[in-house]
Each structure stands twice: as structure tokens, then as C-alpha cells.
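S.K.: Here's the letter readout for the chains.
Number of protein chains: 4
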Amino acid sequence: MTQSDRKIRVVLIGGSGYAGFEVVRWLLRHPNAKLVGVFGPSNELGPMEQFYPLLSAQTDLVQELFDADRVANIGADLAMLCVPHKVAMSYVPTLRAAGLRIIDWSADYRLTDAAVYEKWYSPHTDPDGLTDAVYGLPEYYRDAIAQASLVANPGCYPTCSILAIAPLLRAGLIKPDGIVINAISGVSGAGRTPHLKFHFPERNENFEPYGVGTHRHMPEIEQVLSDVSGQKAAVLFQPHLSPMDRGMLCSIYADPVDDVTDDQLTGALVQAYADEPFVRVRTDVLPASKYVATTNFCDVSADMVKGKVVLFSALDNVIKGASGQAIQNMNIMFGLDETTGLY
Amino acid sequence: MTQSDRKIRVVLIGGSGYAGFEVVRWLLRHPNAKLVGVFGPSNELGPMEQFYPLLSAQTDLVQELFDADRVANIGADLAMLCVPHKVAMSYVPTLRAAGLRIIDWSADYRLTDAAVYEKWYSPHTDPDGLTDAVYGLPEYYRDAIAQASLVANPGCYPTCSILAIAPLLRAGLIKPDGIVINAISGVSGAGRTPHLKFHFPERNENFEPYGVGTHRHMPEIEQVLSDVSGQKAAVLFQPHLSPMDRGMLCSIYADPVDDVTDDQLTGALVQAYADEPFVRVRTDVLPASKYVATTNFCDVSADMVKGKVVLFSALDNVIKGASGQAIQNMNIMFGLDETTGLY
Amino acid sequence: MTQSDRKIRVVLIGGSGYAGFEVVRWLLRHPNAKLVGVFGPSNELGPMEQFYPLLSAQTDLVQELFDADRVANIGADLAMLCVPHKVAMSYVPTLRAAGLRIIDWSADYRLTDAAVYEKWYSPHTDPDGLTDAVYGLPEYYRDAIAQASLVANPGCYPTCSILAIAPLLRAGLIKPDGIVINAISGVSGAGRTPHLKFHFPERNENFEPYGVGTHRHMPEIEQVLSDVSGQKAAVLFQPHLSPMDRGMLCSIYADPVDDVTDDQLTGALVQAYADEPFVRVRTDVLPASKYVATTNFCDVSADMVKGKVVLFSALDNVIKGASGQAIQNMNIMFGLDETTGLY
Amino acid sequence: MTQSDRKIRVVLIGGSGYAGFEVVRWLLRHPNAKLVGVFGPSNELGPMEQFYPLLSAQTDLVQELFDADRVANIGADLAMLCVPHKVAMSYVPTLRAAGLRIIDWSADYRLTDAAVYEKWYSPHTDPDGLTDAVYGLPEYYRDAIAQASLVANPGCYPTCSILAIAPLLRAGLIKPDGIVINAISGVSGAGRTPHLKFHFPERNENFEPYGVGTHRHMPEIEQVLSDVSGQKAAVLFQPHLSPMDRGMLCSIYADPVDDVTDDQLTGALVQAYADEPFVRVRTDVLPASKYVATTNFCDVSADMVKGKVVLFSALDNVIKGASGQAIQNMNIMFGLDETTGLY
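Chains as they are written, first to last, in the numbering used here: chain A, 1 to 343; chain B, 1 to 343; chain C, 1 to 343; chain D, 1 to 343.
If you're looking for bench data, these hints aren't it; they were derived computationally from the structure. Being a predicted model, the structure only gives us computed values, none of them experimental. Treat the hints loosely; a few may be bogus.
Claimed, not checked - Below, computed lysine-lysine pairings styled on DSS-like, alpha-carbon distance capped at 27 angstroms:
{"#": "1", "chain 1": "D", "residue 1": "K306", "chain 2": "A", "residue 2": "K308"}
{"#": "2", "chain 1": "D", "residue 1": "K119", "chain 2": "A", "residue 2": "K306"}
{"#": "3", "chain 1": "D", "residue 1": "K232", "chain 2": "A", "residue 2": "K175"}
{"#": "4", "chain 1": "D", "residue 1": "K308", "chain 2": "B", "residue 2": "K7"}
{"#": "5", "chain 1": "D", "residue 1": "K232", "chain 2": "A", "residue 2": "K308"}
{"#": "6", "chain 1": "A", "residue 1": "K232", "chain 2": "D", "residue 2": "K175"}
{"#": "7", "chain 1": "C", "residue 1": "K306", "chain 2": "C", "residue 2": "K175"}
{"#": "8", "chain 1": "C", "residue 1": "K7", "chain 2": "A", "residue 2": "K7"}
{"#": "9", "chain 1": "B", "residue 1": "K308", "chain 2": "C", "residue 2": "K306"}
{"#": "10", "chain 1": "A", "residue 1": "K7", "chain 2": "A", "residue 2": "K86"}
{"#": "11", "chain 1": "B", "residue 1": "K175", "chain 2": "B", "residue 2": "K232"}
{"#": "12", "chain 1": "D", "residue 1": "K308", "chain 2": "A", "residue 2": "K175"}
{"#": "13", "chain 1": "D", "residue 1": "K119", "chain 2": "D", "residue 2": "K34"}
{"#": "14", "chain 1": "D", "residue 1": "K119", "chain 2": "A", "residue 2": "K308"}
{"#": "15", "chain 1": "C", "residue 1": "K175", "chain 2": "B", "residue 2": "K232"}
{"#": "16", "chain 1": "B", "residue 1": "K232", "chain 2": "B", "residue 2": "K119"}
{"#": "17", "chain 1": "C", "residue 1": "K34", "chain 2": "A", "residue 2": "K7"}
{"#": "18", "chain 1": "D", "residue 1": "K308", "chain 2": "A", "residue 2": "K119"}
{"#": "19", "chain 1": "C", "residue 1": "K232", "chain 2": "B", "residue 2": "K232"}
{"#": "20", "chain 1": "D", "residue 1": "K34", "chain 2": "D", "residue 2": "K175"}
{"#": "21", "chain 1": "A", "residue 1": "K175", "chain 2": "A", "residue 2": "K86"}
{"#": "22", "chain 1": "A", "residue 1": "K119", "chain 2": "A", "residue 2": "K7"}
{"#": "23", "chain 1": "B", "residue 1": "K306", "chain 2": "B", "residue 2": "K175"}
{"#": "24", "chain 1": "C", "residue 1": "K232", "chain 2": "B", "residue 2": "K308"}
{"#": "25", "chain 1": "C", "residue 1": "K119", "chain 2": "B", "residue 2": "K306"}
{"#": "26", "chain 1": "D", "residue 1": "K86", "chain 2": "D", "residue 2": "K175"}
{"#": "27", "chain 1": "A", "residue 1": "K197", "chain 2": "B", "residue 2": "K7"}
{"#": "28", "chain 1": "C", "residue 1": "K119", "chain 2": "C", "residue 2": "K197"}
The whole structure should be built from the sequences, with the hints applied where relevant.
M.R.: The structure is reproduced here in C-alpha cells:
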């Protein structure tokens, strides 16, 4: 397929959540892709503008009942799945059999070891998919993504954490264990299902930790860090909710290997990301959530403080942490310039 | 009863919502009242600190299943009812029969005309209560409150609206119809039941009107304004939600009767509230929600602008609009200084 | 000039405020325009990324000292002026003499009558510019904008107000005087200069009116409503600040002419905006600030309530209320499709 | 002095900042203390209600020009100083000479070693005061506070950090070095001086680290932890700003000494604070800023996670982190029940 000839035809499975909403917006302005169908569960059908009044006059798309045959017959090149884990792996085999390439946003294909997946989630029902899946973090898996039939779009916390830590591990500047990731997220990261925890008067003016020792992003981070660095990494990942819509900041504390200077740390980041379009190594200001909000950038920094390596990384959890990264992966999969439609 | 001798014994019916929570806090610091029991529905039982971790170490009270006999036998002087309409009027007759005085926070006893109540709500099942009930706005019904066996605690929007408008109507400075009340409230006013409308990412950074022409506080406002001014008042009440926890501001536009000056308007407010402990007529700054937040004050102001009378009134919707006003009413009912425990 | 041949060359005067920042972002993603220079006052010079770290890696542009000759020699087609009033009219004559077309965001060229301008602002020093200037509200002045050498980009409040009111005035459905505009804005509308009023702890959880009877957008609204409807319009405009970054909602109350129905009101809005790309007449939901945030849309609605016409209009104050509207005007001035780069 | 006989007479030096405002509110409702004067610098004089319209009708106090003689002659028992460092130590000697006991909120008397103070601040000019000063953290210095003529009210971050860490250090459960304190604060902690950093549109929807390795609360925390545990403690303290008015959460990561269980950790906290009125050891929920907002409580918790000890502590930065703690200290200094006026 020559991209100049025609647009990538995309179907979206699960358009009524925040992830679906955002990817619809990105696809509407993408010059080389076209959203040709949206499908969802029986209790969430209807025009996209009904779920998101912001989309009125921008799209006539209607979320229709998911049916694997219909999706297969729509003539799409790519399916983006924004559905919960377990649901994803129940859809993927059929869609792949129908010849669609897939970007899956759930956790189902992120953990390469089914045993690890099953410890944190539930029995895995698509071992073939698991074998074929590529982890969709372009900065570390670009070549594999380009060829992949199935891309596992990373979690927001793992993207933010890995982009800061990986270069220092690779450069041998920090120890691979004892790494503490103190992460905060805006509330959109918790999804769109109402719950007392996310009720405005409970969340506003409130800052709160959660998931002590139990957050499922912990094994994902360890797997990828180990894979890209060739060392077994161990992290303590601790998330918190900050009273804001969107944005994420990871404050990371690691032990240096021997004597390490600020310059070495920053140098390793600069070297790792010199040619990356969406990672910015900051030395002028510290990363902050608002400096990356509404963009696909991840900002990172590194400093030595009292014998510890202190890293900060910031991204927009619904963009580089989800929808923007999916578009970036799509661009790679279909041979487009990686930044197409992302500025 | 001599107040110096013993404390008012209060039971709270419905402690798990925001209103209940706030009144618990006020009662805990009140020098002459004591909360002796909390009762609720079967699906919301348990220690108060379980609903509100903020209350830990401050109270051991447990919300127990509501049972009229138990409440009657607890030896209380006063029951505060923070339950939905319809539920209130199903509890009140029994509690009154048991000799308790009552402050009811629902709408069930606010509208004196059962026909009006039934048009906006549902059939009224306690006509005797309706006859005896006193509208709990101290600035206008203080004497009757002092004697009342049943006080209908006003809505937040009516309190805020009436305190600004009533003096000008009484003074004959504005016309009784065509009054526009453009009101905004913090989200706590919508209660504690999770719903997509009040999900943090939907509500944050969002300003939205609701209830066009249908808000049930409209007839309540008209009834009280008519009653205190002796003229049939007609208002257009339009509420909005502002992205904040608490606070309320009414911007009110009325037509003057003949020529009216700023001084006459402000003078009427000052005269009306000169001796009121909780209404402040502002000429130094405009009323704003933060100037009254966490207090039982209502701030009001008046100006002539381009031939219209422009009034502002601000209060904390969960205090002067609910819990603080209930405490103020309790103080009056039991012969205490009206400000006891309210600063 | 054929737009397919080359891009519109734009210079920005005043890039360090929020308006400048937003227009830089729009221009960076615009397919047919290119920002070729940024100029500012001596105390605000430096790389754009220094003012806005979000812009790092997206632009190397540096805000340089404003110098009319340099601007003239840069070979630009269009100058966008985001400078305060008075400063604007001191720059405009020179820039026009150098052959640049201009979109000015200040108030200097919005009021067609110099006497009115001088009553609300200061002496006017560019009568020729005032004569030539076209009010940049595309929905009402599209043809003149296309030919204009100088466009006065409207204020955010006037855009939001006029788009709701004008169709009903034109259709003879509402009276031209006694119109009350109760407006709220996010805090970005107050600009980027720190002040106690906009200090986070003063503004957060606060809702506050300001500028009673004195807001300079009042004469602008009246002028445009009068001009487009052929009747002398009189409005009472009352602004408020809501604790949020961006967004604007006008709640408008007008008197109907004789008997008017909801259908007539909505019908007049639908007819006025059937072919407009950026005005949406809402009947599914009420306009709300979040439904238009980050877009160039203005949402409007109309209802009859208790004998009054109630209108709502919402827009993003920094987009349709400023930068997006400027891009829309630029597209019209240079013969592009009006929506280019704006979705 | 018998407290039942008369009230403690308090003067406040520096009433126009947030700390002053809050302590005025606490003193207004305190049954055994009375604010008899407020003094400030020449550019911030006037009625307290002018600085804080919320205080209207609650106090007639006027902030008058600070003059040591006048303060001395006012017949006060206690001076609370809410002035910047350096200013505090220029006032304290005179006030002490006049016989006033003092609670100082600045950093001037917190660091017992003048050399450490001078490294982080400036030359110390009151060595006598430094010798006499008692660190005002009641949970650890209660007896000394009772006798003190000069109390150094702790910083908000140190209070929050120390209350979580100290019991575990004392119990020998964690190592005294390598402790990471990842702290977040609401924006009121930054004071009331407007600055672009704290301008609403810059701060809202933004989460940001600051002061990497340079925050002056680091030596204060280390000094107190070392003092109360008898071991030289070393901490890495990293603060962040969260978009909210008030509230503070410290997420603390420490290395356990040998094998330590959750029960041992929690047990040490429970034992330390069993009789403390304002520290709550949480096992039902994790500490969160909203569970302590508007109260003088500090909530703490401890868990073992992947070989690290993870502590959380939360308090209201303007209450237990400032004004409430000052009142608690005052109660101790004057022989009152420590909780008087603090619920």
C-alpha cells in the first residue's frame, strides 16, 4: 500500500470511554487515516456525539454492536481495541483471522509471560496472540512494531516510568533493583465509570495514594526494563491521584552505580533520545504535567541528590500514555512519518 | 429545660450524605448540644468514620438501622432528618408522636400548599405536619421557629436568593415579577451519589447550566418571597454547576419601581439586616463564594446598572445553605444564643 | 496568490501571553500558514520555549524586540497583534504602510465610533485604521473580512454573546433592550500577569462577579448587535470568574416580542447557522464549557421559560474567543477553506 | 494564672498572610484565648477584614504598624510571629525582653545549630534565642514546650514527615539513612505573594516538582529525626505542588532493618501515638489529604512493599502544618487541655 494512494482504514472497538474519545479526535485530524467504524457493547450504542457532545458536527459515526463478522467485512486495515482486559483477548483472534492488524489498549498482550499475566489478571486464552504481540513503545521496539500484526499499546504509568529509567539502566549508571517510582495521575486515568472514589466532591482538593504494592503496572514496568536493559529490574511502583483531569508525573529514586555525575545522567538521556521526536530531555525546567498536556511528548530529567539518582518524567496520560502513542504506533505500522498528525 | 443544666440531645436520621456529615461536625463542637444517635437505611449502616474517615477519633457513633421506636426511646429532644423527600414525611408523624421536635432538611414541609407540593413532587401524606411546619429561615421566621415543633430547613438556593431579594421587595424598591435569579453552586450541592454528571473528569474544568425551567426551588422561592413581602412574587430561577466543592452565588436581576438609587437599595439591605448575626451587607467588595466558605454567613449587595437592579448573594451551600442554618434553627428552638457554636 | 503554491507568512507581535501561545500552536499545525517571526517588548524577549516550555522541540522561534522596519522587511503577508490596547494603534499604521494585512486582537479597532472608544478607553490615534477596520466575526462580516486590510478580532465575551442573541434580534423574536447577559469565564481570560486576584489560593474554589456596570465589552456587544439587527440594542453585561482554566458560558435573558415558542427560537438559530462550520445549535444537551473546550465551536441554545427567552452560549475563550477565531479570519482573508487547520 | 480566671492575651505579628488569617480564625473561636492586637509592616496596614473579607463581622481588629514598645505595652501573654525569617529574629529579642512568651512560625529558631542555619539561610543574629528555643512539635517535645519562653513552630513538611518516620526510627525498624520523602503540598503552602508560578492558569491542572536537593526543610527534618531517635538521620526530601488549596501528603520510602512485618510497623506507630490527640494511625484507609483537611489531625500509615517500608502521612498544611499546631503549642504553654478550641 502506498500511503499517498489511500488512507489507512481504522475501526475502533470501544469508543465510549475516554481513550476512545481521544483517539477519535486524533483520527479526525489525521491526514492519512480514516475512522470507518466504531463498535461497542450492547449497553453503550449510539452516535458518538451522544457520548461526547464535543464531537457534534465533527463526526456522524455511530457506535454499533460489536460483531466480529461485520468488523471483518468493513474493509479495515487496522482495529484499535479500547476494551477491558479479557474482552480484548476474546476479540483479537477473530479479528486477526479476518486479516486486520491490531493495536490493543488493554493489558492482555503486554505481559509476554502468560504465567505473570495470570498471576496479576486471569487465565490467558490467546497464547498465539501473546507470542506474536509486540510491546508498542516506539522508542524501544520501533522495528518490531513496524512489522507487527498485533501491538500491545503500553500503559500510561509504564510509558512514563520506562522512558526515564531505561537509558540509565542501559548505560549502567543505576542499579537495576531498589528503584522507587512515585507516580501521580490525573483522574481521567481512572476511566469513565462513575464511582464514589471519583465523585467530584470526593476527588477535588484531595490527593491520595492507592494500590499499595498491588498495581498491575508494576510487572509491566519490570518486564520492559529488564528486556531493554538486559538486567533483571525490580521496581516499587506507588501510584497516587491528583485533583486534575489529565497529566502524569513520575518521581523516580534509584541508586547510582559507583560515582555518577549529573552530567553523566543527563548525557545518557540525551544520547538515548537525540533522535526521538516525542521525548524531550529537560535541563531548562523540571518536567511538569502542564508542559506536556495535550501533546504526545514525554519530558524527562535526571539529577544526583544526596547520593540518589532522582528522575522526573511527565506525559499526558490520555495522549503519550494512550491515544497519541496508539497513533504513533499506527504511523510506524503503516510506514508513515512517525509524527504524522501528532503535532 | 435550662440550657446551662444540660445539653440538647439530638438524633440524626440520615448521616451518610454530605449534609449529615457537616451537621455531625457542627454538633461535635457545639457547647450545648450532643449527638446521641445516628440512623439510616439498611444499605448504609456502620460507623460514621467509615463513611467519613475525617471523623475518626472524633466520634464513635454508628449509623444504625432506622427504627421509629428506637429513636423514640433514645431520650432525644430533637431529630434532624437528612433523608430524601417522601421518606421524610413517612418518618415525621411517628417521631412527632413520640414527642421529638424536628428539623427536616427535605422539601416535604417547605411548600405550605399541598397542591403546589404535589405538582412539583408527589402526593403529600402528612397534611398535619404541613400545617404545623415553620419555614426555617431565621431572618424572616425567627419567632415562629422558636415555638415550632417542626421546622422545614430551607433549600440552599432559596436561602441565598431570598436573603438578597426580600428586603427590596418589602421596601417596595423592585417589582415582584420578572425577577431573574442566575445561580451557581459547587458540586457538593448535588449530593453524594455517584453519577456520570458528577464524575470528576466530566465536572472539572466544566461550567454548565441545568434544570431549565424545572428546578424545584423555584416555587419555594416564590412562596417565601410572596409571604414575606405581601406581594405575589414571580421569579425565573436558573441554576448552574461550577467546578468547585462548595459555595453558591446568586446574580439577581430585577426591575426597579420608579427611580431607585444605589443608596436606597443598599440602605434597604442594611436596615433589614442591621441586627442579623449571619447576613452581611457588602459595600467594600462584591459577594464571592470564598468570602463565606466554611462559615454560616450570607453576603449580599445591591447596585443599579443600566436601569436594572443587580443583586449578588453568596453563601456556603453546605452551611448557611444547610447544616449551619439547621444549627441556627436549633439554637432558636431551644432558647440558646442564635450564634452558639457557629463561629 | 494561489494557496497551493505557498504558505501565508505570518508575524506575531506579542507572543508571550496566553493568546500568543495559543496562536503559535494553531499556526504550527496549520497546513497553509507559517509563522516567520515573533516580536515583543524589551522586557519579554527570548525563545518562545522559555515562555512556554510546552513549545520545546516544536519551534525555534525567538521573541525579538519589536521594530517596525524589521517586521516590514521580513516578507510577511499578515501580522497578528496580541498587544494591549493603545500599543496596538501605535503599531498598526506603520505595519499597514509596509503592506501587511493585520489581525489585531486588542480593543483598538473594535468600536467603530471613536467617541465611544474614547469614553471607555483613551484618545484614539489612528482614525484611518478605525475607518478601514472590519469586525472579525465571520458569521456576520465574512465578506468584508475577505477584503479587509485590517481585522479587529472580537473579544471573547462579545463573540459568545452576539452569536446567541443576533439571530433572535434579526428574526424579530426578542426586544432589543433589557437584555441581561450573565457571563462566566475561565481565569485564562484575565491574562498572564500575576495579581493577588488570580493567585491560585484566592481563585480556586471561588466564584466571583466583577466589573459591575463597567466592563468594556458592553459597548462592543451593543454596537455589533445594533449593526447586525438594524435596531438599537441595549444590554446589561455582567461577567464572573469561575475556577477553571478556560471556557466561557453566557446565560442570557431577554424579553420576547409577543408570543414566541421554543420552536420559533430554535428555528431562528438553526436557520442562522445552518451553513456555519463553527456554530452548533444544541437541542440534545445544553451548552456547557467542556463541550467546546479546545475547539473553535460556539454552542448555542434557546428556550422560553416563564415568559422570558433564555439563551445559553458556550465557547473556549482562548480559541473561538481569541486564537481560533483569528485563524478563521486569516483563512477567510487569504481565500482558504474557512476550517483549514481548525479541527 | 488560672485559666478559668482569664483568657490568654495574644498578639499576632504578621496577620496578612495565610498563616495569620488562619490563626485569627482559630483564636476567634478559642474559649480561653483572646487576640488583642495585630501588627505588620508599613505596606500592609488596615482592618483584618480588608485583607480577608471572610473575617467581616467577626473581628474589628486592625493590623497596625509593628512597634516593639507598643506590643510590649499591650499587656499580652503571648506573641505569635508570622513574619519571614530574618525579620523574626530581629523582633524576638525585644519581645522577650518585654516579658512575652513567643511562638515563632519562621525558620529562625528551628535549627538548633547556628552553623546549619547559616548554611541554608543567613547569619544568625540571636544566639540567645536559639539556645532557649524549643521545637514546637508536641508529640516529641511536649514537656519542654510547656516551660518554653520561645517555641519554634515547625514547618509543614517537617511535621508531616517526622510524625511518620520517627516512631519507626525509635523502634529500630528502619535504617536512619537513605530515607526518601516524596512530598506534595497544596498551593497555599507557597504563601500569598502573587507570582507567575502561582498564577491560577499556570498552576491549575498542573503537577510539578520543585526545589530538587535545595529545600530548606531537609536539614530541619534531619535534625529532629536525629534528635528524637538518637541516630544520625539522612533524608532525601523532594517537594511537589498539587493543584489544590490546602493539604499535604508525604509518601516515604525507607529501608527496613532486617526482617520487618507490616504488623511491627503499624504496631510501632500505634504504640507511639496511642495517647496522642492529633495523630491517627490508619489501617482502614490510606492517609489522604481530604481526610485531614480543615482539622489538626495528622494521619499516618505503614506497609512493607517489595522489601521497602512505605509510609504515608497527611495533614492540612495550614492547620497541623501551621496554625493548628501553634494553637496546640499555646494550649500546652499555658496549661490548657491540649485540644482546647481545636475540634
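S.K.: Does each hint hold? Answer for all of them.
M.R.: Comparing the hints with the structure gives:
no.	hint	verdict
1	D:K306 with A:K308	19 angstroms, holds
2	D:K119 with A:K306	16 angstroms, holds
3	D:K232 with A:K175	25 angstroms, holds
4	D:K308 with B:K7	50 angstroms, violated
5	D:K232 with A:K308	18 angstroms, holds
6	A:K232 with D:K175	25 angstroms, holds
7	C:K306 with C:K175	16 angstroms, holds
8	C:K7 with A:K7	24 angstroms, holds
9	B:K308 with C:K306	19 angstroms, holds
10	A:K7 with A:K86	31 angstroms, violated
11	B:K175 with B:K232	10 angstroms, holds
12	D:K308 with A:K175	16 angstroms, holds
13	D:K119 with D:K34	38 angstroms, violated
14	D:K119 with A:K308	22 angstroms, holds
15	C:K175 with B:K232	25 angstroms, holds
16	B:K232 with B:K119	19 angstroms, holds
17	C:K34 with A:K7	26 angstroms, holds
18	D:K308 with A:K119	22 angstroms, holds
19	C:K232 with B:K232	33 angstroms, violated
20	D:K34 with D:K175	45 angstroms, violated
21	A:K175 with A:K86	35 angstroms, violated
22	A:K119 with A:K7	41 angstroms, violated
23	B:K306 with B:K175	16 angstroms, holds
24	C:K232 with B:K308	18 angstroms, holds
25	C:K119 with B:K306	16 angstroms, holds
26	D:K86 with D:K175	35 angstroms, violated
27	A:K197 with B:K7	37 angstroms, violated
28	C:K119 with C:K197	26 angstroms, holds
When the structure is compared with the earlier hints, violations turn up for hints 4, 10, 13, 19, 20, 21, 22, 26 and 27 and for no others.
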